[in-house]
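**Student:** The primary structure of each chain is shown beneath.
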Amino acid sequence: MQPARPAAHFQSQTLNAMDTLSVIRDFLKDRLGLEHDRITPEATLEQLGIDSLMLLELLFEFEEKLNVSLSNDIATPKTVGELIAIVEQLQTPATA
Amino acid sequence: MGKRRVAITGLGLVSPFGGDTADFFARLARGESAIRHYTTDDKPRPLSVPAVRCTGFDADAALGKPLAGTMDRFSHLGMAAAFEAWEAAGFARGDKNAGQYDFDAFGVSWGTALGGTLAYERGYRDLWLHGRERLSPLAVVLGMNNAAAAHIAIQLGLGNSCLSYTVACSSAAAAIGEGYRRIRDGEATLMLTGGCDAPLAYGVVRAWENLRVLAPGNAETSYKACRPFSADRAGLVLGEGAAALVLEDWEHAVARGAPILAELAGYGATCDHGHLVKPDAAGQVRAMKLALADAGLAADEIDYVNAHGTATREGDPTEIVALKTLFGERAATLPVSATKSTHGHLMGAAGAIEALVTVLALQHDTLPPTAHLDSIDPDCQGVRHITGAALTGTGARAALSNSFAFGGSNAVLAFRSLRAVR
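Residue numbers (our numbering), protein chains in the order written: chain P, 1 to 96; chain C, 1001 to 1422.
Quick caveat, the hints were computed from the structure, so don't treat them as lab data. Note that the Cβ used here is the ideal one computed from N, Cα and C, for glycine as well. There's no promise every hint is true.
[Stated by the list, open to error] Straight-line distance between alpha carbons at most 25 Å, and here's what the computed DSS-like set of lysine-lysine pairs gives:
#1 C/K1289 with P/K29
#2 C/K1278 with C/K1289
#3 C/K1324 with C/K1278
#4 C/K1096 with C/K1065
#5 C/K1003 with C/K1324
#6 P/K29 with P/K78
#7 C/K1065 with P/K78
#8 P/K65 with C/K1065
#9 P/K65 with P/K78
[Unchecked claim] Derived coverage of chain C by chain P (criterion: at least 3 residues anywhere in the stretch with Cβ under 8 Å from a Cβ of chain P; other residues may be distant):
#10 1135-1146
#11 1189-1198
All chains, please: the whole structure from these sequences, using the hints.
**Tutor:** Structure, rendered in C-alpha cells:
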C-alpha cells in the first residue's frame, strides 16, 4: 500500500475524488446524520466518529459503488483526505 | 462471606402494545392479546401466521441512529429494554463516568435463542437470491448471538462478566438465573439480565411450521390463536421482543436507595436428558425443587406459577403433571397462568418477559390470567387456572416462573414478594 497523499491534493478536486467524497458524505449522512459540509478532506476520522468497524463499512461502500478493490493491508488513514487518496490511487490507471 | 441476597431493582421491556411497562401489565391483567395476524409478500409462498410484533418500536428513535446502525433487530429490542430497566433502577446512561459505583462489579447476563437470525437471512438472500458475491463487513457483528449483551455492556460501561446464554426457550431464564448466582456468590454486585429475540425471519417461521407446533389463524382469529391448557389449543405463536431485569446485591441496593420490587430468591436448572423435543415432567419437577431449595421456600409458600405453557399438545399436560407432582393436593388451589396467551412465545426472551410479569404480579398483588381459556383440557386440570381477568388481592407471597426448552433444558426462577421478605 502506498502512503496516502496529502489533503491539499484535493484542491484540484478531480472527478474521482469528488465521487469518493460523495460516497463518504452520503454514507456518513445516513449512518451518523452528519451534514455534508462537515466532511472535508482535512477532517479527521476520529473527529467524525469513524471507528475501525465503520472504516471497514466505508471501504465496502467504495468497493460497491466505485468498482475498486481494496487490499486487506491498507494503511489506516487519519483524515478524510487520506482516505480519499487511498481510493483515488486505485482508480488512477497504472503507468508503465 | 455468606450467600448474598438478590434484589430486583429495575424492569424494562419493549412492549408489543407500544406502551410502557405499566401499560403492558395492565393489558395482561385484562387478558388482552398482543397477537395479530402477520403476512408477508414473500414469493411464491408468503407467510400468513399469528405473531407478536413490536410494530411501534423505532430503533433509530429509541437508540439513536449511529448506535442502531450497528445492530440487528434483536439487539435493538434488547438494548431498548436494558436501557429502560437501567433507568428504572435509578441509573443514568453516563453514570460510569461519575465514579460513584464500582462498574467493574456490574455485568450482563443475557439470553437469546436465535441471535441475529434476521441479519443472517438478509445475507443469505443477498448471496443466493440477489446474486451478490459479498456481504457487509458488519454481517458478523450484527449476527453474533452475544451482540446484544456486548452492546449493553459497552453502552453502560459494565465491566464485570458479559455472558450470553442460548438455551432455546429457556435462554433468558438461564441468563437471569446465572446472573443471580454471580451476585449471590459475591462475584458481582449488579447484573443487568434479560433476553431478546426477533424470530420472525422467513426461514425461521417456515422451520417452526414444519414442526407442526405453530397455531393457525387469520385476520379475525389470530388474536386468540394461543390458548394454553385449553381443550382446543392448537399450538404456539412466535413473537419478537425483549425484557430486562436489573438484579442487585440487596445491601448494595439498600445503600444507594434503589427501588426494590421483589427478591429473586432461587434458581433451579436441570436437563431432562431424554428427548430433544418431548418434555419430561420429572426433569421439570427437579428444576422447581432446586429453585425452591435455593430460595429456602417451601412448596406451600408458592402462591402463583407463571407456567411455561406454550399451548402445544405435548408441553401443557406435561407441565401440569409436574406441578401436581410437586405441589400434591395443594395444586388444586395453586393459581397458575400462561401469559404466552397474550404476549406470545418470545423464544429466547420468553423467560425474561415472564420473569418481568411474575415480578409485577407479586408487586401489584395481581395475578394475570391465561387468556382464551374457556374450556380446560381434561389432561390439564388439577391446578387453579386463572381465567378471564386477573386474580387480585390474594396476598401472594412467592412465585415461580417456569421455562422449559427444546433440548430438555429446564430453568425455574423463584421470586419472593416484598410482603414476605424476611
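**Student:** So, for every hint listed, does it hold in this structure?
**Tutor:** Structure-based check of all given hints:
{"no.": "1", "hint": "C/K1289 with P/K29", "in the structure": "violated, 56 Å"}
{"no.": "2", "hint": "C/K1278 with C/K1289", "in the structure": "holds, 21 Å"}
{"no.": "3", "hint": "C/K1324 with C/K1278", "in the structure": "holds, 19 Å"}
{"no.": "4", "hint": "C/K1096 with C/K1065", "in the structure": "holds, 22 Å"}
{"no.": "5", "hint": "C/K1003 with C/K1324", "in the structure": "violated, 31 Å"}
{"no.": "6", "hint": "P/K29 with P/K78", "in the structure": "holds, 19 Å"}
{"no.": "7", "hint": "C/K1065 with P/K78", "in the structure": "holds, 24 Å"}
{"no.": "8", "hint": "P/K65 with C/K1065", "in the structure": "holds, 23 Å"}
{"no.": "9", "hint": "P/K65 with P/K78", "in the structure": "holds, 22 Å"}
{"no.": "10", "hint": "1135-1146", "in the structure": "holds (count 4)"}
{"no.": "11", "hint": "1189-1198", "in the structure": "violated (count 0)"}
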